[in-house]
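S.K.: Line by line, the protein sequences give chains A and B.
Going letter by letter, the first sequence gives residues 972 to 1226 in the numbering used here.
Going letter by letter, the second sequence gives residues 70 to 358 in the numbering used here.
Heads up, some of the hints might be wrong.
Label pairs and their in silico Cβ distance ranges [said to hold, decoys possible]:
id : chain 1 : residue 1 : chain 2 : residue 2 : range
1  : A       : T1144     : B       : K276      : 31 to 41 angstroms
2  : A       : R1077     : B       : P96       : 28 to 38 angstroms
3  : B       : G319      : A       : S1148     : 27 to 37 angstroms
4  : A       : S1065     : B       : E187      : 20 to 30 angstroms
Some chain B residues close to chain A (C-beta under 8 angstroms, calculated; not the full set) [to be verified]:
id : residue
5  : Q74
6  : T76
7  : A78
8  : V121
9  : I122
10 : R123
11 : Q163
12 : A165
13 : I188
14 : R250
Source of the hints: derived by calculation from the structure; they are not laboratory data.
Treat the numbers as computed from the prediction; the structure is a model and nothing was measured.
We treat Cβ as the ideally placed atom computed from N, Cα and C, and that holds for glycine.
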Amino acid sequence: MSSAKQSTTWDLQLRQLLMPKLGQEASECEDVIAFDAQTSRFAVADGATEAFDARNWAERLAQHWAQRKSTLTVEEFREWVATEGRELHDSWNSLTLTWYSEEKARSGSFAALIGVELDLKSDSPSWQAIALGDACLLHWRNGTLLKSLPLSSSESFNSTPVLVASDSSLHETSMQSVVIDSGNCQNGDVLFLMSDAAASWCLQRFENADLDVNEFLGTRDDEELRQFFDAERLAGRIRNDDLAIVRIEIKRSNR
Amino acid sequence: MYSAQITRANPTCIILLIDQSGSMGDPFSGDSARKKADFVAEVVNHTLHDLVIRCTKTEEVRSYYHVSVIGYGRTVGSCFSGELGGRPIVPIAQVADYPLQVKSSYKRVSDGAGGWVEIPVRYPVWIHPAADGKTPMCEALRRVQEILRGWLLEHPRGFPPTVLHLTDGESSDGDPNEIGRQIMSLGTDDGAVLLFNCHISTRRSAKIEYPTEEMSLPDGFARTLFEISSTLPTNFLAAAAQLGVNAVEGSRGFVFNGDPSSIVQFYEIGTSLTGMTPYRWMDDRTETA
Chain A
972 MSSAKQSTTW DLQLRQLLMP KLGQEASECE DVIAFDAQTS RFAVADGATE AFDARNWAER
1032 LAQHWAQRKS TLTVEEFREW VATEGRELHD SWNSLTLTWY SEEKARSGSF AALIGVELDL
1092 KSDSPSWQAI ALGDACLLHW RNGTLLKSLP LSSSESFNST PVLVASDSSL HETSMQSVVI
1152 DSGNCQNGDV LFLMSDAAAS WCLQRFENAD LDVNEFLGTR DDEELRQFFD AERLAGRIRN
1212 DDLAIVRIEI KRSNR
Chain B
70 MYSAQITRAN PTCIILLIDQ SGSMGDPFSG DSARKKADFV AEVVNHTLHD LVIRCTKTEE
130 VRSYYHVSVI GYGRTVGSCF SGELGGRPIV PIAQVADYPL QVKSSYKRVS DGAGGWVEIP
190 VRYPVWIHPA ADGKTPMCEA LRRVQEILRG WLLEHPRGFP PTVLHLTDGE SSDGDPNEIG
250 RQIMSLGTDD GAVLLFNCHI STRRSAKIEY PTEEMSLPDG FARTLFEISS TLPTNFLAAA
310 AQLGVNAVEG SRGFVFNGDP SSIVQFYEIG TSLTGMTPYR WMDDRTETA
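So that you can see chain B by itself, here it is in the shape it has in the complex:
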């Protein structure tokens, strides 16, 4: 299980499900100038960038991944716009070709001889921050289920889809437990769909990352998200270990009260798939010229 080779003929699917409710407009981690929605949009854009780079073969992008970015708040639907607007799921080669814009910047890197040089870098943008409305988590999960059902009909073999869900609050349209379980019951010949959840918070409570049991969780909402979080397969544990994240056999793909670094690691681990080295973009921050 979770061992199928990911190829163009046998791609996998990655769905990024993002809470875009009004509370995502609140400051994050004590930084009053930075909203949760800003930070999440930045991480999602970096994640898409990294998925594209992984699939780049010199001058071609090979569609090993089919990607969906679904937001929920005032509305529920694809976060892609422009050329990709209205498309629920897009092969990564097309994601590569249609960012909304590509920002240019400079980065300082070692010159290998004790000095530093500045090199140009590109930062494509596919999604903008959004924070408005309630938290229709159940409707959003139903949308994910619908996308997965369609995709799995055409791709019944291969590495199972991964859903990375990020939220900052409780569902406003009911208990997501049942629909979450239904999503986790879908799959391919190679295993069940992986649903991972990352809850972020502005509260100064202790974060809980990749727990193995419900006992340690503080409330019913945390337990609900735990129950609809898949166990991390071995490949993902290897990626977590490379990031220095304490995840063990039996750990769920679940973070509660996460901070900014939790979000980054959640996406890095969640997209590591077949055990590939996580792309550490946090080590790769720019100094704008």
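The shape of chain A in the complex, shown without the other chains:
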């Protein structure tokens, strides 16, 4: 007599925090969080402040990435971004623009993107991620940072990251900077998706070993976190930039 092995099921506990720059309205925030709970796909996009229509570009990238089934090879990603870029540029055709908007639009739009897909169907869950720019994925286990991508230290952040361009003529060089990676998860592991200011701050705190970032971000309520980050901004410990943080905790299901 043989017994069928009961496969483990997994739950995700999700938290998200989105904050505009200090002194700006939520409507001015150019960071975007998107996810599809059915397919376990999550994305954070960060529209480049100096770019034309950056919020729309970030929104389009994050939302459509989360809704799609696969963009986890560079070629697929490149094709997909080109299509999204064309659609964005087409949406500008109906606008009557001033000379400066027209000039700005000519350069297209830019955003950083980090997208992750979790496979929770097996006993050993895993993730696959794609990144271009300085929005990051951080994989946390038992108080230790297992992996951070595409940037792995707080010193790696600079003001001129290679970003996802809406103008496909720039893809020949920019797509060389796409980072694709994967990892396995255990019960209790946490994945963070963060835009650059939050990721840089998080890595800095981890490097300094002066705060258990995972525990901190996992246990404070939203209002406490907002007050905390505003205070950090005023103290100059985190750049006054838009903040996007998604915390995904992978838990063995009790069902």
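With chain A's structure known, arrange chain B on it following the hints.
M.R.: Chain B alone, transformed into the frame defined by chain A:
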């Protein structure tokens, strides 16, 4: 220092101070058809264009910068005319809305598939070339000081003002050293006013860019300009490095005997402020249709 975030609530100030004396009507760099004043007006218009584009958020221009363009020659005063005429300092959003004219042209760009396409581009014009009279540099610097004092009273915090001074000759109204030093002693909580000087020449002598010491300078006038040139903060050094300009820690924001490319780089570095990528408009020249 020099690290304050530039926002609409906390803007910075950029003053372009231009020599418009008679000698600016001389040919530049061996090109008899092109006067120094023509080239400088073109670079200033491009610089204003680039500042506007940097502040453009889709359909709105955010006034991160307050801009002044002061010329000196037969007279000393604002180079703005038309709707902006008579205003010594103007938020960049208004600069954007009131060019004297917007020229249209076409530019050839890569189509991304090995070919070329022509796309329309716009070239706004705010100032026209001028070259007349003597070189009243001291009076011009006093005008700058007056503008800065007024502006700093209302903006005591934030990224300090930057003054980009371009001249082709010695002052005709005295030694500019004292007034230059007075300007450099003004500032905000985030640092002293930055005064950078670019001297251009039709002589075929070697140019000196962003020196660290006076020893290398050929004469007293060069040393005077060196002394009233601020040390380039780190952010500006990063912009210089991106342009391939050899500026190091301790370099002054000073060019002597500059040629056309020196002028372009001087404005690109001088307006890079918080380390943003310099806008390389020289890579962006048009082919008029």
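S.K.: Find the hints from earlier in the document that the structure breaks and name them by number, from lowest to highest.
M.R.: Of the numbered hints, 11 and 14 do not hold.
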